[in-house]
Amino acid sequence: MNIKSQKDFFSGLMFMCVGVAFAWGASSYTIGNGARMGPGYFPLVLGILLAVLGGAITFKALVVETFDGDHIGAIAWKPLFFIILSNLIFGAAIGGLPSIGLPPLGLVVGIFLLTFVAANAGDEFKLKEVAILATLLAILSYAAFILLLNLQFPVWPAFIKA
Amino acid sequence: MDLFANLSLGFGVAFTAQNLMYAFVGCLLGTLIGVLPGIGPLATIAMLLPATYALPPVAALIMLAGIYYGAQYGGSTTAILVNLPGESSSVVTVIDGYQMARNGRAGPALAAAGLGSFFAGCVGTLILAAFAAPLTELAFKFGPAEYFSLMILGLIGAVVLASGSLLKAVAMIVLGLLMGMVGTDVNSGVARFSFDIPELTDGIGFIVIAMGVFGYGEIISNLSKHESERKVFTASVTGLMPTREDFKNMVPAVLRGTALGSLLGILPGGGAVMAAFAAYTIEKKTKLRPGEVPFGKGNIRGVAAPESANNAGSQTSFIPLLTLGIPPNAVMALMVGAMTIHNIQPGPQVMTNNPELFWGLIASMWIGNLMLVILNLPLIGIWIKLLSVPYRWLYPSIVLFCAIGVYSTNNNTFDIWMVGLFGVIGYLFIKLGAEPAPLLLGFILGPMMEEYLRRALLLSRGDWSVFVTRPISAGLLAAAVLLLVVVLMPSVKAKREEAFVED
Numbered sequence: 001m002n003i004k005s006q007k008d009f010f011s012g013l014m015f016m017c018v019g020v021a022f023a024w025g026a027s028s029y030t031i032g033n034g035a036r037m038g039p040g041y042f043p044l045v046l047g048i049l050l051a052v053l054g055g056a057i058t059f060k061a062l063v064v065e066t067f068d069g070d071h072i073g074a075i076a077w078k079p080l081f082f083i084i085l086s087n088l089i090f091g092a093a094i095g096g097l098p099s100i101g102l103p104p105l106g107l108v109v110g111i112f113l114l115t116f117v118a119a120n121a122g123d124e125f126k127l128k129e130v131a132i133l134a135t136l137l138a139i140l141s142y143a144a145f146i147l148l149l150n151l152q153f154p155v156w157p158a159f160i161k162a
Numbered sequence: 001m002d003l004f005a006n007l008s009l010g011f012g013v014a015f016t017a018q019n020l021m022y023a024f025v026g027c028l029l030g031t032l033i034g035v036l037p038g039i040g041p042l043a044t045i046a047m048l049l050p051a052t053y054a055l056p057p058v059a060a061l062i063m064l065a066g067i068y069y070g071a072q073y074g075g076s077t078t079a080i081l082v083n084l085p086g087e088s089s090s091v092v093t094v095i096d097g098y099q100m101a102r103n104g105r106a107g108p109a110l111a112a113a114g115l116g117s118f119f120a121g122c123v124g125t126l127i128l129a130a131f132a133a134p135l136t137e138l139a140f141k142f143g144p145a146e147y148f149s150l151m152i153l154g155l156i157g158a159v160v161l162a163s164g165s166l167l168k169a170v171a172m173i174v175l176g177l178l179m180g181m182v183g184t185d186v187n188s189g190v191a192r193f194s195f196d197i198p199e200l201t202d203g204i205g206f207i208v209i210a211m212g213v214f215g216y217g218e219i220i221s222n223l224s225k226h227e228s229e230r231k232v233f234t235a236s237v238t239g240l241m242p243t244r245e246d247f248k249n250m251v252p253a254v255l256r257g258t259a260l261g262s263l264l265g266i267l268p269g270g271g272a273v274m275a276a277f278a279a280y281t282i283e284k285k286t287k288l289r290p291g292e293v294p295f296g297k298g299n300i301r302g303v304a305a306p307e308s309a310n311n312a313g314s315q316t317s318f319i320p321l322l323t324l325g326i327p328p329n330a331v332m333a334l335m336v337g338a339m340t341i342h343n344i345q346p347g348p349q350v351m352t353n354n355p356e357l358f359w360g361l362i363a364s365m366w367i368g369n370l371m372l373v374i375l376n377l378p379l380i381g382i383w384i385k386l387l388s389v390p391y392r393w394l395y396p397s398i399v400l401f402c403a404i405g406v407y408s409t410n411n412n413t414f415d416i417w418m419v420g421l422f423g424v425i426g427y428l429f430i431k432l433g434a435e436p437a438p439l440l441l442g443f444i445l446g447p448m449m450e451e452y453l454r455r456a457l458l459l460s461r462g463d464w465s466v467f468v469t470r471p472i473s474a475g476l477l478a479a480a481v482l483l484l485v486v487v488l489m490p491s492v493k494a495k496r497e498e499a500f501v502e503d
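For the record, the sequence lines run as chains A and B. The numbering of the first sequence is this note's numbering, which starts it at 1 and goes up by one. The numbering of the second sequence is this note's numbering, which starts it at 1 and goes up by one.
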């Protein structure tokens, strides 16, 4: 049996797995009955429903002919990696990572790190341009979020303040 | 008349210097972000939401409404100039709008979109004001069973009117509902699906999902496309005002679009997208005047009608939200989230307990529409300049603003880890061709639905027939079934698929 629609086939599988996982998780809470629903009742019903829907989508993907096979196509690993990484690094810079003893580096350092890492996700990386962009963003964010909106951020690295 | 007393109360609230300024800032920011290619209204609102945290509730809502209109208008600008619809409802605007831009008539196209939207916005606001009071009366008659059925109808409506595969859209809604289950159960106090992570006992933040899926997911997907696919017509925007001939063509199109949009917008499920499609189809069916440009080649009616329909629809889609507390679409779901942050529980009680807020918001909607025209038509040159900013400068800024916005919601880095996770999930959805907007709607409605289902069945002692024996509830469910049947009819199904094919 051939897969007629790749996108539908795999999204159906995803829905099935997630549905089963939720239903299985829900079964560990009190289910109760219709009149007195426990915390597990609604998620269990929804989980089963999702798994059934996923099954139907997968089945359809195997049976119904599509025009071009609905290929998923190549996964853009590079942007995926750098965008998510830049986000995580920014988080680490704001909050620090106590588990490895990294102190909070603050907003300004965080912005520079984020910009430099995120810029790798695109087609070209020009150092000078990225440096200017990062500086601009840092000044802008400081003015907008710290001075104007008064948001609570550590601005400078913790060890400088101390 | 009550209506005028109420409206004057509203304008009294909205016409303070402070609130006018917030409406202005909202419109400006909304357009500024919304005009950037690849950022739809959803992502714009999610990104700008933190800017309203520090404001008093009325001002915050007024600013949010401004952001919403600005984002929508910015989206149409991008659609016309870059051939890149920021959201599904401007997909049809692209067809003729982009062709007009290619023929050097971007100015009139933008003006037609702006003026048409303004007119539609005015009508929509009036309808909203007129219908709000009687609908609120009705809402007080609603018991838990009616609310549950209404939500079912709303969710079904949302999938029917959404683009793409019906089954997948339903599955995405259910997935959203399930994600809404994460966190402490209000009745039993059990922390569900929280994996012993303290932050998860409060549930997943809707901003985290919105920014991760709509912000990061979109960026990653945009970056995988090549730059050459986007071409901006900036140099060719010269005259802004449409000619007399243009106006003659435009006016009836705007009227038809507005009527259609107002009607479809009220329906649960939020018909802004469907309204735009339907308006375009109707224009295409009406006969061309002698000497008129054919559709698909840059006909001004093809811009004016869907844009008016879209705006009228988005205006009247506030009706179910404000009167019943039920968000008809993903953008309104975000609004619910925003309101809860400001300690306002959307629903019929807002109007009675908090009339200043309610009518002030409605008045400010009209002001927001007016501001868009005043602000955007003269400033169009600046927005166009923004469009030519290369994407490689834009996307790091977007990533940054998302990260800052997410962090500032709770001042907790856990949210930043979560938004990263949802970025990956969002990209996965795009790759699998699963439309994420229904997910957000389901996510917001999930806890509400469970609560109403629980109460309804508690009152009926576990008897499920309560949903079909109470007349209003039965009617709502019948409407939902009818909608599904109509969509699944072979002839309609083929038409629907045809209408949503993007090329």
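Do not take every clue at face value.
[Unchecked claim] Below 27 Å or equal to it, Euclidean Cα-Cα: the simulated DSS-like pairs (lysine-lysine) are:
#1 A:Lys-126 to B:Lys-385
#2 B:Lys-287 to A:Lys-4
#3 B:Lys-285 to B:Lys-225
[What the hints assert, rightly or not] Under 10 Å between C-beta atoms, here's a sample of chain A residues computed to sit facing chain B:
#4 Ala-35
#5 Leu-53
#6 Lys-60
[Unchecked claim] Cβ-Cβ distance ranges computed for the label pairs, FRET-style:
#7 B:Leu-379 to A:Gly-34: 55 to 61 Å
#8 B:Leu-20 to A:Ile-132: 47 to 53 Å
#9 A:Glu-124 to B:Pro-355: 28 to 34 Å
#10 B:Lys-385 to A:Leu-102: 53 to 59 Å
#11 A:Ile-139 to B:Tyr-53: 51 to 57 Å
#12 A:Ile-72 to B:Asn-354: 29 to 35 Å
#13 A:Ile-132 to B:Ala-54: 40 to 46 Å
In case anyone wonders, no lab produced these hints; they're calculated from the structure. Glycine included, C-beta positions come from ideal geometry on N, C-alpha and C.
Results of checking the hints against the structure:
Distance restraint check for A:Lys-126 and B:Lys-385: the Cα-Cα separation of roughly 22 Å lies within the 27 Å cut-off, and the hinted pair is therefore satisfied. The straight-line distance between the Cα atoms of B:Lys-287 and A:Lys-4 is roughly 41 Å, outside the 27 Å bound, and the hint therefore fails. A threshold of 27 Å between alpha carbons decides the hint, and for B:Lys-285 with B:Lys-225 the separation of about 35 Å lies outside it, so the pair is violated. Interface hint at A:Ala-35: satisfied, since its Cβ lies 3 Å from the closest Cβ of chain B, which is below the 10 Å cut-off.
For A:Leu-53, the shortest C-beta to C-beta distance to chain B is roughly 4 Å, which falls under 10 Å, so the interface hint holds. Restraint check, A:Lys-60 versus chain B: the minimum CB separation of about 7 Å is within 10 Å; hint holds. Between B:Leu-379 and A:Gly-34 the beta carbons are some 58 Å apart, a value that agrees with the proposed interval 55 to 61 Å. Take B:Leu-20 and A:Ile-132: their Cβ atoms lie about 36 Å apart, and the range 47 to 53 Å is violated.
Distance hint check: the CB atoms of A:Glu-124 and B:Pro-355 are about 56 Å apart, inconsistent with the given range 28 to 34 Å. Restraint check, B:Lys-385 to A:Leu-102: a C-beta distance of roughly 40 Å breaks the suggested window 53 to 59 Å. Taken as a hint, the range 51 to 57 Å is violated for the pair A:Ile-139 and B:Tyr-53, whose Cβ atoms sit roughly 22 Å apart. Distance hint for A:Ile-72 and B:Asn-354: a CB-CB separation of about 48 Å, inconsistent with the stated range 29 to 35 Å.
As the Cβ distance of A:Ile-132 to B:Ala-54 is approximately 30 Å, the hint placing it in 40 to 46 Å is violated.
In summary, the structure is inconsistent with hints 2, 3, 8, 9, 10, 11, 12 and 13 from the numbered list given earlier, while agreeing with the others.
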